Each structure stands twice: as structure tokens, then as C-alpha cells.
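Number of protein chains: 2
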Amino acid sequence: MSVLAVGSVAFDTITSPAGRVENVLGGALTYFALAAAYFTEVRMVAIVGSDFTAEQENRLKRHGIDTRGIEHANGKTFRWGGQYLENLNEAKTDFTELNVFEHFQPKIPRAYQDSSFLFLANIHPSLQKSVRLQMDGVRLTGGDTMNYWINHTPQELVDTLQMVDILLINDTETKMLANDGSLPRAARKVLAFGPQALVVKHGEYGATIFFRESAFGIGAHPFRAPALPIEEVKDPTGAGDSFAGGFMGYLASQEELNREVLKRALFYGGVMGSFAVECFGTERLESLSRKEIDARFQVFRELTHLE
Amino acid sequence: MSVLAVGSVAFDTITSPAGRVENVLGGALTYFALAAAYFTEVRMVAIVGSDFTAEQENRLKRHGIDTRGIEHANGKTFRWGGQYLENLNEAKTDFTELNVFEHFQPKIPRAYQDSSFLFLANIHPSLQKSVRLQMDGVRLTGGDTMNYWINHTPQELVDTLQMVDILLINDTETKMLANDGSLPRAARKVLAFGPQALVVKHGEYGATIFFRESAFGIGAHPFRAPALPIEEVKDPTGAGDSFAGGFMGYLASQEELNREVLKRALFYGGVMGSFAVECFGTERLESLSRKEIDARFQVFRELTHLE
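Chains as they are written, first to last, in numbering that gives the first Met the number 0: chain A, 0 to 306; chain B, 0 to 306.
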């Protein structure tokens, strides 16, 4: 089945202890799409400027990604610069140039209307809502957000969460959104805003999925997927978006949404996040094979499997 | 089989968001012993002052713990005060009064000489070494340490690590000991100091065990146990020591030390740590049943189990 995903395409300038790259293809949606495309058909809705070349678009198309929903506007593409120096878990932003992204109004091509899955990457919650309202027939909606929207547009965010089936955010965002320092309590409060399930991403420690009572008919017990300790994290940018891509992509590739499928999706999310950080930008995500992905899935599985 | 364990017995004054307790029974060895005693016979070697009452000793004996190795000295028992206010993962120390613990010279009762397992809780590495040298016949030695010894007595510590089979420390200590920010690389460096295996405790995210090549004949793949998100952490004091108690206690209860047993031990460590933080001090560890422990083991197992 197909996943329609909306979010940012950007050019990133990234400094980490492993080196520096300038103006490389990035943005939450790009990572999401490249990760999800190993599992299912992906359709992108985004905006880019005239500096976004056909060669760059071809790097997405090469993975079977449908780019017809990428709007080409006059001006420059969104640019972000950041560095990971003392802390690989948190970027220090050097600059953010929104450029054409500032006035992004997502438009859904008619050919995308039959998409079964929807993913709302991290953009203004009101834009997320407008896309969700245009896609009323989807089977499942996943979504992301960030501290900025939690602090600055809480009402719009809570509004949007009523239309999101599975929210994927990290520990800090979960506690901030719920205003509660206990993760299980915070998770319950976030689920009360609307989602059927909440995926809390723990970075190098994996992720936990919390369910509403009776969500997907699978009961309320949480489930946790581990993450592999990575020898050298070169560039953490996009790890969470790649996680979401693996998670949503795997879900969209399955006939049924049961507990076992959601658990496997959580593992595949961790697998894609772990690949993403091995190289700068999207380099590793562009060079994978499904065989490598499934081999790492087995490693993750064996990492915590008791006989 | 029996575990001989050496370390601190203390009276703790603890403040956390959940409240405050004064002069409650604590110390790394106390937590370790209470946790391990659910699995195997535990023998303590420690020093206390004249303020340590028969009633307090009986709280240990009630769990079948052998306290004949607790030396009663003139003076006061070790006292520690700390608070967890902004961060439940790290205590801010209010005061440390070493008292009789300052001149602790561990003495091993003759009746302890046939112990099969040895655990060196967090004390000066030279004292750990002296105990290890007195117990040459043990089957397996586990050990703990802390930042203070890594920074202040690195040579003594490295010396002692040559005699430790399984070291149990946390992420920060591992990276500090190896002077390497990558966990898998740091683990390899720590293993090169001597231990066959290294257990890295991740707090609320569980723990990972790393093995030397061919250690215990079980290959070099790491293994990770998750931890349950706890609704309300009342008092994190002793969580790591309780983890070590569950881990070593379970090992000592098994005939064979194979990969599966070590994996289960890691889960039992997490289980005991998760109980310890539910109440102040040792309260929860003193009120458990093996049935409750095994039920939580099943919850931990199901938390990450894929069909």
C-alpha cells in the first residue's frame, strides 16, 4: 500500500566530530521517504526552490518515490545548519533559513487521493491538520511534532492530535507535551489527546510504543524495541525521521494491523534509524538493500531475544 | 551456591520529589544483598558502628543473609545524604560521613571461604583487590566501581579489573574508564583491561552485556535487556546495586554459565532494579516474593519479545 507523506525538504550544513558537509539533501520528509521506500510506495508532498535540481529529484525517484507532490517555487529551498559537538543527541542550530518553506501550503495531487497511509512529518500543526482533512479516506495517520510547536502552538497541536492515529516523538517531547516527568503517566496523557498509540523514541536506547485501552484491538501493554549500540555515529540528523519511515513503511506493507505487526514495525524503525546515523546526510539510506535491512532486523531481534 | 559480597552498609538521608526519609538502612552492599537473597545464599562482609542495631541486622537475617562478616566497630556507621530534585538519574550529595567505613579493612570469616561467587561492590579498588586475593577459589567475580575511583585511583582500578570476571557499571562510567565516547568502542577497551564481560547499566532503558571474544565460550555478540518504564520512581538510590544483586544472585543459582543464563541474569538484574526504585530505601526489596519477581520477569520478557 502507499504512504503519502508531507514535510520538509531541505539543504543541510552539518558539523559533527566525524567531519562536515555543506548543503546536502536533507529535511525530515526526505529521510522519511528514503527509509519508507524500502518497504512500500511513498508519495511526497513538499516545497522546494529553484536551487533544487533534477538530479536531486532523481535521487528520490530512483527509490521509486513519487515526487509529483513536490512543488517547485521561485526562491531558495529551506536551509538548516547545525552541529553536534559535545552531545551527539542534540544539535546546536547554527542557522535556519525557511525560504520557500515559510509559505508552504501543502497541495495534494489528485493522483495521491487513494493513499492508504498518511504521515505528517514535523511542520506547523495547522498545516498537518489541513492535509489530514484533505485525506479523509486514509486507513491510518502517523505524525511527528517538536518542542517548538508544543511551546508555541499548543492549542493547534492538540487539535491536530485528535486526527493522528500514531504519534511518534521522543522522551523529552512526550514529557513536555504532557507536562509530566513520568514517562508512563506522560504517555497516558498524550494518548488522551486522541492518538491510538504513541511511539516514544529513546535514541540509542530504542523506542517504546504505548497503546490506548483497546487500541487496534490489542490491549494496553506497552512494547519496547531495543537499538543496537552503533560503533561510530557520524551524523545523527534524520535518525528520528528515518525511524518513522521504517515504522510507517513496514506498517503500510502489511495486510493487517495487529500487535505483532506493530512490534515488528517498531524494530524496523530502529533499524532504519541505526543505518541513517552511520554516514552524513542521507548517504547510507540511499545505498541500502532490503537484504541488509532484514539482516540488521535479525541482529536487533537477537539482541533481546530470550529462549 | 553462595555469593560472598563486600561493600558499604550505610544510613541514608534521601530527598526526592516523592518525599524525604532520614537515616534509613542503605549502602550498596545492603541493596545488593537483599536483591541477591531472593535467588541464592548471600554472605556479607562490611563494617558498621555501634549505632547499627540488632533489629537492623535482623532485617537482613530474615532474608537468610549471613551477617557474620559484618564487623561491629566503635564509632558511627557510614552516613550519606543526597537529593534527587531536578534529575532522578543523578543524586546531588548533601553530605558524606565515612565514619567507621573510613578505615574498613575487609576480613573474610573462615566460614565464607567456600563461597562460589564473589561480588566486590563499590569500594576502594585496592580493598577490592585484597578481598579478591583472599578468595582465590571462587568460580566467578563480579565488581562495581564509580567515577571517583576512575578519576582518583586509575592504576589501582586497572590492577583490580584484571581479577574481575564481570564488571557492572553505567554508561558514563564506561565511557570515562575507556576515555571514549562511543559505547561499543569503550566497552571493548574496558574488556581489554581484564573482564570477560561488561554489563553497562542504562538506568530506565535497561542494560547491555558485552563479551570478550570467546568469553564463557559464547561468542562476542552483545545482549540487551530492557527495563520497564516505572510509573513513579520514588527513590533511585540503590537501583544499580539491586540490579547487580539480581544479576549475581541469579547466576549463583544456576548450575551452568552459558549465554542463555547470562541473558536471563541481565533481565533479573533489571527486574530487581525496577522494584528498588518503587519505594524509599530498601522497603520494596524487603517486601518482595519470588512470585512477584518472576511475574515481572515475564512482563520484561514480553516487553520486547517478537513471535
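Bear in mind the hints are in silico, worked out from the structure with no lab data behind them.
Misleading hints may appear alongside valid ones.
Just so you know, same-sequence chains aren't split out, so a pair can sit in one copy or run between any two.
What the hints assert, rightly or not - When the alpha-carbon atoms are kept at most 30 Å apart in a straight line, the in silico BS3-like pairs for lysine-lysine are as follows:
1) 91 <-> 290
2) 174 <-> 290
3) 174 <-> 60
4) 290 <-> 262
5) 75 <-> 60
What you are looking at is a predicted structure, and each value in this text was computed from that prediction instead of being measured.
Verification of the supplied hints:
1. 91 <-> 290: neither (35 Å within a copy, 48 Å between copies)
2. 174 <-> 290: neither (37 Å within a copy, 33 Å between copies)
3. 174 <-> 60: Answer is neither; intra-copy 38 Å and inter-copy 42 Å both fail.
4. 290 <-> 262: both (20 Å within a copy, 27 Å between copies)
5. 75 <-> 60: Answer is within: at 21 Å inside a copy they meet the 30 Å cutoff, but 74 Å across does not.
In this structure, the hints that do not hold are numbers 1, 2, 3, in rising order.
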